[in-house]
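Generate coordinates for the entire structure from the input sequences, incorporating the hints supplied.
The sequence shown begins at 39 in this note's numbering and counts up by one.
If you are wondering where the hints come from, they were derived from the structure by calculation, not from laboratory data.
Hints should not be assumed to be uniformly reliable.
[As the list claims (entries may be wrong)] Per label pair, the in silico range of CB-to-CB distance:
no., residue 1, residue 2, range
1, Arg82, Val256, 28 to 34 angstroms
2, Tyr342, Ala416, 20 to 26 angstroms
3, Ala226, Pro248, 35 to 41 angstroms
4, Ala226, Asp87, 36 to 42 angstroms
5, Tyr344, Ala268, 25 to 31 angstroms
6, Ala252, Arg82, 22 to 28 angstroms
7, Arg215, His80, 28 to 34 angstroms
Each residue gets a CB set at the ideal place from its N, CA and C atoms; glycine is no exception.
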Amino acid sequence: YAARWSTETRGNVTSTNANRNAHTVNNQTGDSGRLQWISLGHARSSEIDAALDQTRFTDLFKLEPVTDGRCPTGSRPFLNANIINTRYWRTDVPSVELECLRLFDVRMKSVDSAHFRRVASRLESRRYAAHLGATIDFHKMEGIAHDNRHEKLYVAFASLSGGMLPINAGDAGYHHRDEIDHIRLPQAQRCGGIYALQLKADQTDSDGRPMDSAYVAVNMRPELLGRSSANGVNDCDPNTIAGPDNLTFIPGADLLIVAEDNDDIFRNDMVWTYRVSDPKPESAERKLTRIASVPYGAEATSTYFYDNYHGYAYLMVVAQKPYGKTLSRYADRMRTGAVQFPPQLRGEYRELYELLQKPIPEEYKGAIIGTIGPIPVASLPAMPEDAP
Numbered sequence: 039y040a041a042r043w044s045t046e047t048r049g050n051v052t053s054t055n056a057n058r059n060a061h062t063v064n065n066q067t068g069d070s071g072r073l074q075w076i077s078l079g080h081a082r083s084s085e086i087d088a089a090l091d092q093t094r095f096t097d098l099f100k101l102e103p104v105t106d107g108r109c110p111t112g113s114r115p116f117l118n119a120n121i122i123n124t125r126y127w128r129t130d131v132p133s134v135e136l137e138c139l140r141l142f143d144v145r146m147k148s149v150d151s152a153h154f155r156r157v158a159s160r161l162e163s164r165r166y167a168a169h170l171g172a173t174i175d176f177h178k179m180e181g182i183a184h185d186n187r188h189e190k191l192y193v194a195f196a197s198l199s200g201g202m203l204p205i206n207a208g209d210a211g212y213h214h215r216d217e218i219d220h221i222r223l224p225q226a227q228r229c230g231g232i233y234a235l236q237l238k239a240d241q242t243d244s245d246g247r248p249m250d251s252a253y254v255a256v257n258m259r260p261e262l263l264g265r266s267s268a269n270g271v272n273d274c275d276p277n278t279i280a281g282p283d284n285l286t287f288i289p290g291a292d293l294l295i296v297a298e299d300n301d302d303i304f305r306n307d308m309v310w311t312y313r314v315s316d317p318k319p320e321s322a323e324r325k326l327t328r329i330a331s332v333p334y335g336a337e338a339t340s341t342y343f344y345d346n347y348h349g350y351a352y353l354m355v356v357a358q359k360p361y362g363k364t365l366s367r368y369a370d371r372m373r374t375g376a377v378q379f380p381p382q383l384r385g386e387y388r389e390l391y392e393l394l395q396k397p398i399p400e401e402y403k404g405a406i407i408g409t410i411g412p413i414p415v416a417s418l419p420a421m422p423e424d425a426p
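In structure tokens, the structure reads:
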């Protein structure tokens, strides 16, 4: 399946203009949307494997010329920047181009072949989904976590920008914006955010056929958003999330764990807990607690909650590539494994700076793997009966 986003109208929203419906979270805004699911059909691995070596892109789609910024009748518009996302906030990405694609099997001279459609749906899933009307605007989606008590799925977006912004006059695809520009965030948010997807059973796809799942996402709403900073030191406010990456959820405690990979947004990536059941939802900062930070250049990753290991619970955290940004010439020699830091790292910043100018001893390279715990299981809130 592929999702189709439709901006929803909600109560308690902040509208930046007559056409926007933006939900406010810790003074930042982000769109909310309903989700409809478009079936891409069913296929078998053996069928797709057999087609791999004998199928070219031109067997699946016919590329037609763009005239005055428009696609000819019968072809579908598609934005292509030679990357998986349509547009970036970065300036070093090639300009976006409009493609006009017609689904067409050259060998069959028809689009009626069920086999051809199955092959197209697997070898060119994104273009095929767009051809059927699915949303391809999503940008920089990262980790996910399931809250089985409230039946929600949390999804991290490292950056809310790119294809999630409106197509404006003069942009590629402007004349087809009603067809391809589904998500139109009221503002770019380089600092990223976390969306909550409500899960439900007994849903149907866009053709009215039942979906055999009890976990179908029916909407997306911003739960926690990063916030820009103008202090001249950090691009994002270090008192809230920035560049969220890995997520995990602690059942029973209603705690979402957020680990960052903020890519130079500020100096140290952090790990946060976010209490999703706070009785004061209007104050997101009161739910958010910083529980760890990692060395400069590292990203916080591999967060995982072990709910019961011999009567104790542990939260696993990894600091990946410590000092990697400063010592980039050693990045290809980094390894994963438990290591210790040299005693000099515990001294003054002056000593740290001098140390970073020298080659790193082999035993100090790698990743730091640590745990928060042990936490007696008896002290934790009761887990839901259906907790994984």
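>> Name the hints, by number, that the structure is in violation of.
In response: Checked against the structure, the only hint that fails is number 5, while the rest are satisfied.
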